[in-house]
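With chain L held as given, fit chain G onto it using these hints.
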Amino acid sequence: MTNEPTTTLAAPIGQQERIIFLDSLRGIAILGILLMNIPGFGLPYAAINDFSVQPQGDLNYFFWYVFGPGVFEGSMRGLFSMLFGAGMFIFITRLEKRTTGLMAAELFLRRQLWLLVFGLFHAYVLFWFWDVLYHYAICGIVLFAFRRLQPKYLFMAAAFCLLAMTANENKNLYREKAVIRKGELIAKIDTTTTKLTDKQKEQLAAMKEIQESSTPEAKKKKIQKQVAAVTGSYSDLYKERSDAAARSETNGMYYWAIWDVSLFMLLGLAFFKLKILQGEAKTKIYAWMAILGLGVGLPLSYLFVTFDVNCNFNWFEITKTKVFDFYEIQRLIHSIGIFGLIMLMYKSGWFKWLFALLRPVGQMAFTNYLTQSIMCGFFFLGIGLGYFGKLEYHQLFYVVAAVWIIQIVWSHIWLRYFRFGPLEWLWRSLTYWKKQPFKKNSSSTDTMGMG
Amino acid sequence: MANETPIMPVAPVAQQERITILDSLRGIAILGILLMNIPGFGFPEVQTSDPSVFNETGINYKTWFVVDWALAGTQRAIFSMLFGAGIVLFISRLEKRMNGMEPAIYFFRRQMWLLAFGLFNAFVLLWFWDILYAYAIFGMLLFIFYRKSPKALLILAFVCLVLMTVRENVDLYRGKQVIKKGELVARIDTTQTKLTVQQQDDLGAFNGMKEESSKEAKVKKAEKEIKAIGGNYASLYKVQSDKSVHVELYYTYFLAWDVLLFMFMGMAFFKTGVITGNASAKLYWLMFIGGMGLGLLLSYFNQKAVVDNHFSQYEYTKNVSFNFYQVQRMLRSLGFFGLIMLLYKSGIFKWFFAIFRPVGQMAFTNYLMQSLIGALFFYGIGLNYFGKLERYELYVYTGVVWIIEIIWSHIWLRYFRFGPLEWAWRSLTYWKIQPLKKNSSSTDTMGMP
Numbered sequence: 042m043t044n045e046p047t048t049t050l051a052a053p054i055g056q057q058e059r060i061i062f063l064d065s066l067r068g069i070a071i072l073g074i075l076l077m078n079i080p081g082f083g084l085p086y087a088a089i090n091d092f093s094v095q096p097q098g099d100l101n102y103f104f105w106y107v108f109g110p111g112v113f114e115g116s117m118r119g120l121f122s123m124l125f126g127a128g129m130f131i132f133i134t135r136l137e138k139r140t141t142g143l144m145a146a147e148l149f150l151r152r153q154l155w156l157l158v159f160g161l162f163h164a165y166v167l168f169w170f171w172d173v174l175y176h177y178a179i180c181g182i183v184l185f186a187f188r189r190l191q192p193k194y195l196f197m198a199a200a201f202c203l204l205a206m207t208a209n210e211n212k213n214l215y216r217e218k219a220v221i222r223k224g225e226l227i228a229k230i231d232t233t234t235t236k237l238t239d240k241q242k243e244q245l246a247a248m249k250e251i252q253e254s255s256t257p258e259a260k261k262k263k264i265q266k267q268v269a270a271v272t273g274s275y276s277d278l279y280k281e282r283s284d285a286a287a288r289s290e291t292n293g294m295y296y297w298a299i300w301d302v303s304l305f306m307l308l309g310l311a312f313f314k315l316k317i318l319q320g321e322a323k324t325k326i327y328a329w330m331a332i333l334g335l336g337v338g339l340p341l342s343y344l345f346v347t348f349d350v351n352c353n354f355n356w357f358e359i360t361k362t363k364v365f366d367f368y369e370i371q372r373l374i375h376s377i378g379i380f381g382l383i384m385l386m387y388k389s390g391w392f393k394w395l396f397a398l399l400r401p402v403g404q405m406a407f408t409n410y411l412t413q414s415i416m417c418g419f420f421f422l423g424i425g426l427g428y429f430g431k432l433e434y435h436q437l438f439y440v441v442a443a444v445w446i447i448q449i450v451w452s453h454i455w456l457r458y459f460r461f462g463p464l465e466w467l468w469r470s471l472t473y474w475k476k477q478p479f480k481k482n483s484s485s486t487d488t489m490g491m492g
Numbered sequence: 004m005a006n007e008t009p010i011m012p013v014a015p016v017a018q019q020e021r022i023t024i025l026d027s028l029r030g031i032a033i034l035g036i037l038l039m040n041i042p043g044f045g046f047p048e049v050q051t052s053d054p055s056v057f058n059e060t061g062i063n064y065k066t067w068f069v070v071d072w073a074l075a076g077t078q079r080a081i082f083s084m085l086f087g088a089g090i091v092l093f094i095s096r097l098e099k100r101m102n103g104m105e106p107a108i109y110f111f112r113r114q115m116w117l118l119a120f121g122l123f124n125a126f127v128l129l130w131f132w133d134i135l136y137a138y139a140i141f142g143m144l145l146f147i148f149y150r151k152s153p154k155a156l157l158i159l160a161f162v163c164l165v166l167m168t169v170r171e172n173v174d175l176y177r178g179k180q181v182i183k184k185g186e187l188v189a190r191i192d193t194t195q196t197k198l199t200v201q202q203q204d205d206l207g208a209f210n211g212m213k214e215e216s217s218k219e220a221k222v223k224k225a226e227k228e229i230k231a232i233g234g235n236y237a238s239l240y241k242v243q244s245d246k247s248v249h250v251e252l253y254y255t256y257f258l259a260w261d262v263l264l265f266m267f268m269g270m271a272f273f274k275t276g277v278i279t280g281n282a283s284a285k286l287y288w289l290m291f292i293g294g295m296g297l298g299l300l301l302s303y304f305n306q307k308a309v310v311d312n313h314f315s316q317y318e319y320t321k322n323v324s325f326n327f328y329q330v331q332r333m334l335r336s337l338g339f340f341g342l343i344m345l346l347y348k349s350g351i352f353k354w355f356f357a358i359f360r361p362v363g364q365m366a367f368t369n370y371l372m373q374s375l376i377g378a379l380f381f382y383g384i385g386l387n388y389f390g391k392l393e394r395y396e397l398y399v400y401t402g403v404v405w406i407i408e409i410i411w412s413h414i415w416l417r418y419f420r421f422g423p424l425e426w427a428w429r430s431l432t433y434w435k436i437q438p439l440k441k442n443s444s445s446t447d448t449m450g451m452p
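Chain order of the listed sequences is L and G. For what it's worth, this note's numbering labels the leading residue of the first sequence as 42, then goes sequentially. For what it's worth, this note's numbering labels the leading residue of the second sequence as 4, then goes sequentially.
So here's chain L without its partners, still in its complex pose:
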């Protein structure tokens, strides 16, 4: 076989090489993601973006709006994807310089494959059905082919993803509209005089199904079922969660994740090449991002959300009346806005303490991501404390705050004594197929690491 390329220089990134600011950004993203995920941990699925089936009240609405679709939704995941795209690039470029032949490509793919395995573990063992590691693993592999493109082309590819995503959303919208329209036409037929054909019966049934499932009663039933399963026995939980995970990894991956995740990975790659991600671009650029992003994005989000609110979250009504689904567009805009805002905070120099506080959290992002699922799983699932479906919306954020404090504290402590977080260490060891040094010491004979 072909001679083995040298592997002596293949090893994870050393402390000096890390781009410090990216770690802080990742820390923000990782804590921020819990804000987005906590409804999924604590509330029945039917209740998450549907305020009508929850305990009402201004406090709850405020939290739902701000930490949900109104302001932050999609921005943390977007930031995370951008960092992942950049990290991928850092990883491969570094290894290309230090290894020969195909080693860099092989190591990258091994890394992605192990990420895929962790993703499956996350979804099917830790029961977090909104796992993204699986999707990131796959998108990362696909994006390998785009790594070397100039920022110009990366932006074009990102634009394509945005278009594809929006086209997909609207294709689905209009398909549902057609079902409803056909069904309503048939419903008008006087069945005492004309008999319905088989096809017509089917179309009528399809429309009725959408109508039925949009009623509060139907939603409450769904919620009851889910709460019973999630707070029930292990096998009930397993069935419910594994079905959801499978859907996310098939339908979700295919229709949604490939565009949604790739869009931001490509942007992250481009921003990294333009030094925007590392905070080295002109303040002016970030200011424009924040102003336009939030200035245009927040009103758009407002429009998007109030549309649903005005229809009282009745999916049947929403489908009938909505003309254009611009979820991905508005989410992209306000995510860029929030990114710009964070960068402005960095450039101002007033928030050094904040970025320093979150740096270890970002260095151990992988560990922190999975431990969020472990902690929240323990708190909410029936096999743990069983709080699923029992908290009001705003109370979920007490859990978030508690987890944040735990994660910030233990990240600082852990990284004082060890080089990497435990799962970071595991992931690296598996990728390089060699046990990595674990304890922190003064010698710096070991060199690189994963970006």
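Just so you know, the hints here were simulated from the structure itself, not pulled from any lab data. Only a predicted model underlies this, so the values are computations on that prediction, with no experimental measurement involved. A hint or two may mislead.
The calculated DSS-like cross-link candidates involving lysine-lysine, where the alpha carbons are at most 30 Å apart (straight line), are [unchecked claim]:
no.	chain 1	residue 1	chain 2	residue 2
1	G	K154	G	K348
2	G	K213	L	K242
3	G	K227	L	K361
4	L	K218	G	K223
5	L	K223	G	K241
6	G	K227	L	K249
7	L	K223	G	K197
8	L	K388	L	K325
9	L	K361	L	K218
10	L	K223	G	K223
11	L	K363	L	K212
12	L	K280	G	K224
13	G	K246	G	K307
14	G	K348	L	K260
15	G	K353	G	K274
16	G	K321	G	K65
17	L	K361	L	K236
18	L	K249	G	K218
19	L	K249	G	K184
20	G	K197	L	K263
21	G	K241	L	K363
22	L	K236	G	K241
23	L	K263	L	K212
24	G	K227	L	K229
25	L	K316	L	K138
26	L	K266	G	K184
Pulled from the structure, derived: some chain L residues nowhere near chain G, Cβ distances all over 10 Å [claimed, not checked]:
no.	residue
27	I89
28	F103
29	R151
30	V166
31	A228
32	A246
33	G320
34	K323
35	T412
36	F459
37	K480
Note that beta-carbon positions come from the ideal geometry of N, C-alpha and C, so glycine has one too.
Below, chain G alone, put in the same frame as chain L:
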């Protein structure tokens, strides 16, 4: 950035470099795959492996029996083996001629273009059993393993076999659970006790399974599909694209092991020379006799279980205790492969392999041509023969297409270096228009096996 200059000009394989037995094998597999696919082209999905839906008897039933018993799954297996071997070949060739990461980059570009062609096959040519999509994705994963030793690859193949068998049986036992729960609920006297939401669901799932397995439901589904495919482009597109999406999501995700098993095997067989005919005749005899012998035996029982349960998924789930489809399919595939290699090694059948060689050299073109010809012949937008032919007639059609593909492959490759789609794929991968016309100069060098 890493320097990008290759040692030699980057280009596809010249004629002298091709490993001819692989071309012949691929030719056999490509024609064999049409044999497996033709029910998908000509019959409604429920009828493809189920002769009971429309009461097939006589020669139609016998045709189903033989194909299902002896050949099912074997062509796909050989194709996967060749694909795995091809990956090793492609990368190792490029590694000899290029520096650094170049081979990886070309490999991934090649796979991404294959993915694009797969989507074209599924959503433009509307062939819902397209495999290019899955092969593109799995090929990328296989990159990680291409340097592994044959032993490691065979172990990985074995792991895939185990996982696939586990998968099949997990599904079987999950189905049994649905039945058990449903039967329990069905016994409750609903005039006295009201059913809980969960119980209603269980009963619903149980009844749904029974319903779907019933002949009436299958016939209805089939007739609906025939109407849709015989209709205009919009209705054709809807039904076929829904089927394609289902295959691309579920087959790729849940049945990954089915494909990977043979890709790993192909990689191992290439490294040990087994797939190029360099192993001992004894090994091929072992594969043929053992594989076909044991495989046909197990297949017979596997098939009997399906027939005895009247092709009803419900009855099969209830009564069968172990599903060993993948095991017997693997054995028969090895048996088939062993047989072909024995014919090759005997040296008596040179003419046979010579006939298939050009077909295999243009395998990609021929695969997509099958979709195109199939679409024009069977779909409503074409000659509209979908659901109109009898099973044995489908195989007559297959024979005709075989002849067409054999003849035109020979003719085309007399004047051109590659098939048209091979040329397109290569040009896109190397992002440079490749020479197409055949001439005596051999200045261009490498390429795809």
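Hint check:
no.: 1; hint: G:K154 - G:K348; in the structure: holds (24 Å)
no.: 2; hint: G:K213 - L:K242; in the structure: holds (22 Å)
no.: 3; hint: G:K227 - L:K361; in the structure: holds (28 Å)
no.: 4; hint: L:K218 - G:K223; in the structure: holds (26 Å)
no.: 5; hint: L:K223 - G:K241; in the structure: holds (16 Å)
no.: 6; hint: G:K227 - L:K249; in the structure: holds (21 Å)
no.: 7; hint: L:K223 - G:K197; in the structure: violated (36 Å)
no.: 8; hint: L:K388 - L:K325; in the structure: holds (10 Å)
no.: 9; hint: L:K361 - L:K218; in the structure: holds (6 Å)
no.: 10; hint: L:K223 - G:K223; in the structure: holds (21 Å)
no.: 11; hint: L:K363 - L:K212; in the structure: holds (13 Å)
no.: 12; hint: L:K280 - G:K224; in the structure: holds (29 Å)
no.: 13; hint: G:K246 - G:K307; in the structure: holds (28 Å)
no.: 14; hint: G:K348 - L:K260; in the structure: violated (67 Å)
no.: 15; hint: G:K353 - G:K274; in the structure: holds (24 Å)
no.: 16; hint: G:K321 - G:K65; in the structure: holds (27 Å)
no.: 17; hint: L:K361 - L:K236; in the structure: holds (27 Å)
no.: 18; hint: L:K249 - G:K218; in the structure: holds (27 Å)
no.: 19; hint: L:K249 - G:K184; in the structure: holds (28 Å)
no.: 20; hint: G:K197 - L:K263; in the structure: holds (18 Å)
no.: 21; hint: G:K241 - L:K363; in the structure: holds (23 Å)
no.: 22; hint: L:K236 - G:K241; in the structure: holds (27 Å)
no.: 23; hint: L:K263 - L:K212; in the structure: holds (26 Å)
no.: 24; hint: G:K227 - L:K229; in the structure: holds (25 Å)
no.: 25; hint: L:K316 - L:K138; in the structure: holds (20 Å)
no.: 26; hint: L:K266 - G:K184; in the structure: holds (17 Å)
no.: 27; hint: I89; in the structure: holds (20 Å)
no.: 28; hint: F103; in the structure: holds (33 Å)
no.: 29; hint: R151; in the structure: violated (5 Å)
no.: 30; hint: V166; in the structure: holds (16 Å)
no.: 31; hint: A228; in the structure: holds (22 Å)
no.: 32; hint: A246; in the structure: holds (14 Å)
no.: 33; hint: G320; in the structure: holds (23 Å)
no.: 34; hint: K323; in the structure: holds (25 Å)
no.: 35; hint: T412; in the structure: holds (27 Å)
no.: 36; hint: F459; in the structure: holds (28 Å)
no.: 37; hint: K480; in the structure: holds (30 Å)
Checked against the numbered hints given earlier, this structure breaks hints 7, 14, 29; the rest are met.
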